[in-house]
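Peer 1: Take a look at the letters that make up each chain.
There are 6 protein chains.
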Amino acid sequence: MFPNKKIQELVGTRVQVEMKGEKHLLEGTLASMDDHLNLYLTDTSEMTNGTKSRSMGNVVLRGNNIVLINPVKA
Amino acid sequence: MFPNKKIQELVGTRVQVEMKGEKHLLEGTLASMDDHLNLYLTDTSEMTNGTKSRSMGNVVLRGNNIVLINPVKA
Amino acid sequence: MFPNKKIQELVGTRVQVEMKGEKHLLEGTLASMDDHLNLYLTDTSEMTNGTKSRSMGNVVLRGNNIVLINPVKA
Amino acid sequence: MFPNKKIQELVGTRVQVEMKGEKHLLEGTLASMDDHLNLYLTDTSEMTNGTKSRSMGNVVLRGNNIVLINPVKA
Amino acid sequence: MFPNKKIQELVGTRVQVEMKGEKHLLEGTLASMDDHLNLYLTDTSEMTNGTKSRSMGNVVLRGNNIVLINPVKA
Amino acid sequence: MFPNKKIQELVGTRVQVEMKGEKHLLEGTLASMDDHLNLYLTDTSEMTNGTKSRSMGNVVLRGNNIVLINPVKA
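Residue numbers (the working numbering), protein chains in the order written: chain W, 42 to 115; chain R, 42 to 115; chain P, 42 to 115; chain X, 42 to 115; chain Y, 42 to 115; chain A, 42 to 115.
Just chain W, same shape as in the assembly (with noise of 0.2 Å):
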C-alpha cells in the first residue's frame, strides 16, 4: 500500500504528526488530506514530553513541512 494510501486509511483516527522544528508533535483527528500532504486536524494538541501541553482545536498542517505521520495506538 502506497504511503499516501496510508495515510487516506488514518483519515477519521487520531494520529501523531511530528512537524518540522524542534520536538513540534501535533496530536488530532484527521479530518482530511490532499495529494500534498496538507493535513486538516480537528480537536488537535501539541504534545509535549508525552503529554498533552496545548489545546488548538482545528489545524491545517503544510504537507512539505511534515516530517512524519503514525496514527496513535487505541
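The set of hints was computed from the structure by calculation and includes no laboratory data.
Please note that the accuracy of each hint is not assured.
Because identical chains share one entry, a pair is satisfied inside a single copy or across any pair of copies.
[Claimed, not checked] Lysine to any residue pairs mimicking SDA-like chemistry, simulated, CA-CA at most 20 Å apart:
1. K47 - G98
2. K47 - S96
3. K93 - N111
4. K114 - Q57
5. K46 - D84
6. K114 - T54
7. K114 - N90
8. K93 - T54
9. K114 - T92
10. K47 - S86
11. K46 - N99
12. K114 - G53
13. K46 - G98
With chain W held as given, fit chains R, P, X, Y and A onto it using these hints.
Peer 2: Quick look at chains R, P, X, Y and A alone, frame taken from chain W:
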C-alpha cells in the same frame, strides 16, 4: 473538507500562522490565499509567549514556509 | 487581491524580506519578482535589531527560502 | 541503477532513514515508497546513539524531509 | 529584469552565495546556472567573517538551498 | 556546462556531498543521479573535521536536502 478549502473558509477572519524557525508565530486577518498556500494577511502582529510583540501591518507569507494555520478563537 | 499580486504592487518600493535562518532580515528596493517569488532587490541592507548592519547592494533572493515580505512604512 | 530504483530494491528489508532535524534517525521495514520518496515503514524504531530509543510502529515519512536512506546491514 | 535573468548576467563573474545553514557563505566564479537556480561555481572559497577560510575548487550548489546571491564588488 | 551535466560527469568518481543540517558531510563514490539530483553513493563515509568518522556503505541522498557537491581532489 480538504485542507485548502478549510483555509479558504477562514478568509476574512483572524488566523494564527506558525512559520518555520523558532517560535515564529503571526496573527492577522487572512485577506487572501493561493494554491501554494501563500497567504496575504493584514493587521498582522508577531506573537511572543501569547502576546503581541510587534505590529507588522500587511504581510505576504510564503506557503512552503508555513508550518500550520489555525483560526483564532473569537 | 492574491498574495502574488500584492507583491507585484510593491515593485519599485522599499520592502523588508525575512529569509530562513535566524534573524535574517533584509531591506531593499524591490526591482522585480517572478512566479516562484524569487526577488531581485537593489540598494539592499541587512538589518539587525532594527538598524542597517551591512550594505549588500543588489541581491537575488530565492523564493522558497523567503519567509515573509512586508512593505516598509514610509 | 537510479537512486529511486535502488530504494525500490530495498522494499521488504530493514532500512535506516535520516530525517531533517537534529539526530533524527529511524529504522524500520520499508513497506512501500512513491515517486516523491514518501516512505511507509512498519515496525519502526527511533534510534539514539545506535540503540532503539522508542518504538513507533507504522509511520509514513514525507519524502522531502528525508536526508538519506541506507540499508541495515544484516 | 527578472531575478533569473539577473543571475544569468552574472555568469563569468565572481559572486557570493549564501546557503541555508548557519553562516554558510561561498564565493566563486559563476560558471553556469539552470532553471532551478542550481549553480556551478569554480575557484570557490568558503568565507568566514569576511575572509576565505577554505578553498573548495569546483562546486555545484542545489538551487533550493540557496538563500541569496549577490555580485562581488570589483 | 550546466550544473546537472557537471554532476553527471562525476559519476564513477569520489565526491563530497554536504547535506542540510549542521556539519553533515558525506564522502562516497557517485554511482548514479537523477533529475532531482537524488544521488546514490557507494562506499560512503561520514566526515567529521576532515576525517572519516563513520562508514555507511550504500546510501541514497534526497536531492532537495543536498546543499553542495564537489569532487574529491585525487
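Peer 1: Decide, hint by hint, whether the structure agrees.
Peer 2: Results of checking the hints against the structure:
no.	hint	verdict
1	K47 - G98	between (24 Å within a copy, 13 Å between copies)
2	K47 - S96	between (26 Å within a copy, 19 Å between copies)
3	K93 - N111	both (17 Å within a copy, 17 Å between copies)
4	K114 - Q57	within (10 Å within a copy, 23 Å between copies)
5	K46 - D84	between (23 Å within a copy, 18 Å between copies)
6	K114 - T54	within (10 Å within a copy, 24 Å between copies)
7	K114 - N90	within (17 Å within a copy, 26 Å between copies)
8	K93 - T54	within (17 Å within a copy, 27 Å between copies)
9	K114 - T92	within (15 Å within a copy, 23 Å between copies)
10	K47 - S86	between (22 Å within a copy, 18 Å between copies)
11	K46 - N99	between (23 Å within a copy, 13 Å between copies)
12	K114 - G53	within (14 Å within a copy, 23 Å between copies)
13	K46 - G98	between (25 Å within a copy, 17 Å between copies)
The structure shown violates none of the earlier numbered hints.
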